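Participant: The chain contents come next:
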Amino acid sequence: MTELLVEPFRLPYMQRALLEVLLLGALAGVVGVFVVLRRLAFVSDALTHTIFPGVVIAHLLDRSLLLGALAFGVLTAVLLTGITSSSRRVGADAALAILLTSFFSLGVVLVSRTRTYTADLTVFLFGRVLAVDRADLLQTLALAAVVAGTLWALRKELVLRAFDPDGAAAMGYRTAALDLVLNLLIALVVVAAVKAVGTVLVVALIVVPAAAARLLADRVATTAVLACALGALGGWLGLAASYEVSVDHGVRLASGATIVVVLVALFALAAAAAPLRRRRRGPGNPRGVARWIRSARAAAR
Amino acid sequence: MDQVREGGGAVSDLLGTFSDGFARRALLEAVMVGGLCGVVGVHVLLRRLPFFTMALGHATFPGVVLAALLGVNLFLGATLFGAVVVVVVALLGARERVDETSAIGVTLSGAFALGVLLLSAQAGFSRDLAAYLVGSIVTVQRGDLVTTAVAGAAVLGVLAVLHKELVLGAFDRGGLAALGYPVLALDVAMLLLVEVTLVTSIPAVGTILAVALIVAPAAAARLWTERLGATMAVAAGLGIASGVIGLAVSQHWRVAAGATIALVAAGVFAVSLLAAPRHGLLARVRARRQPAAAAGPG
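If you read the sequences in order, they're chains A and B.
The numbering used here numbers the first residue of the first sequence as 1 and each following residue consecutively.
The numbering used here numbers the first residue of the second sequence as 1001 and each following residue consecutively.
Do not take every clue at face value.
To be verified - Here are some, though not all, of the chain B residues that point toward chain A, as calculated from beta-carbon distances under 7 angstroms:
#, residue
1, Phe1022
2, Leu1045
3, Ser1109
4, Glu1165
5, Ala1259
No lab work stands behind these hints, which were simulated from the structure alone.
Predicted, not measured: the structure shown is a model, and the values here were computed from it.
All C-beta atoms in this analysis are idealised placements derived from N, C-alpha and C, irrespective of residue type, glycine included.
Using the sequences and the accompanying hints, generate a full structural model.
Facilitator: Structure follows, in structure tokens:
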């Protein structure tokens, strides 16, 4: 077992990849707790697509990709906060979907002018964790420090905002400002993770460990620690698995996707274990499709 | 076509790009997909399903890969896998501790990662994938056109037959159940219609941008009209217009077609958001300046 889990990481590039994945897994796990509490999974999905044009423009202008992504991440975070708090006739989710697809299309249109079109698109979408270098690691570390510091400083306000928005507003907190901060933090995590796991799979890193942790823990602090641990564990196991299969069995497995599949397996384990831990169950408050099913069941009786 | 070209003007120039056979096929596909997505989009918005649609778009991906590996029809693979995902999301979201947004997020990324994993084990990884994500309307074949026409007609037919029930279900589920309709069956039918629409649009605009074509024209149409029938008609019109204009622009300037169509759709929405008569931003600002002239309270 140790051979499988430790041996691959004797290679320097695998060590860097492991360090990056552990950092990102832990970071995304913590931010994910707030994403899950506030039901912002769609917002994080939108952010992963909207930074694409930033990356493309930076690539075309030969500037730092990180800066391009950062600029568009901040722009999106601001637009998202504005959209979700203003338009009533359109609906927040419709506005989000339009913002997501139009920014993404802008990126595709720009990148389709270059010659290495599909290859560029693929790297952006799926990342290359094995190509992470020392500078990337330092950037991730810096972004992680900023995000973790902000979360720690604002933890009480953000939790209050998540559970009792009216209470937070009544106590004089500016909820719009808090929303903007959280959206910005999500944007930072997405930007940090994009080179390693790619844009589409960042959502998994943010949502899946946190959703699994929430199945197993009640307190926010415990959930955060658990999400952190699950994110890092998934990264480690996924990386080891993709290395093992690719090298010893000759089947190439994309490392980012393997990490996500491992995370989803951990989530499935958590979902299976949760009912054992939690015998007592309230009526809950399901939404959307789940609500349809419940009300249909109730109507059938 | 030479005379048209000599006639000058941007419009005739753009129309001139449709003179080739492949371009005419692309045009037909854009018209059909645009109209279909517009109509279905109104239902998607009524039921607040944009994120679900997005997830479904990603989640059909492993179905496509599996079908390609097994040599089965791609549409069939995508549709079957999408149906599995519908069930998983519904079951996960029904649990107390997992809200539906997170359930969709987990399912979306899990299914998508599975697709990437399957595909990465194959050769020729990036090309197929990019085509799947952003579409490639100019390579649409006669067979694709037939599939789109048949699937589109089927979806629109079911929507027309079940119109009353589906609309009532979106607004008042209790009422629908009280009238004795099978609510759950109707819900699943609606989700399957969305899924078939998505799968049909994938050859043209790809999975991510199909969401744009479903959501944007419908959201724009809701700003222009109040009545549902009119909204659907306007949405279909805007969808078709986005498809045709986007295709023409992309052909003219040689940029990715699917993405240009999505951008045009978003542009149509942005214009509507500004200029629509009652719900547009300009109209709202004007109403605030002249409270006496504004209709209704507030």
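Participant: Hint by hint, which ones does this structure get wrong, listed from lowest number up?
Facilitator: The structure conflicts with hints 1, 4, although it agrees with all the remaining ones.
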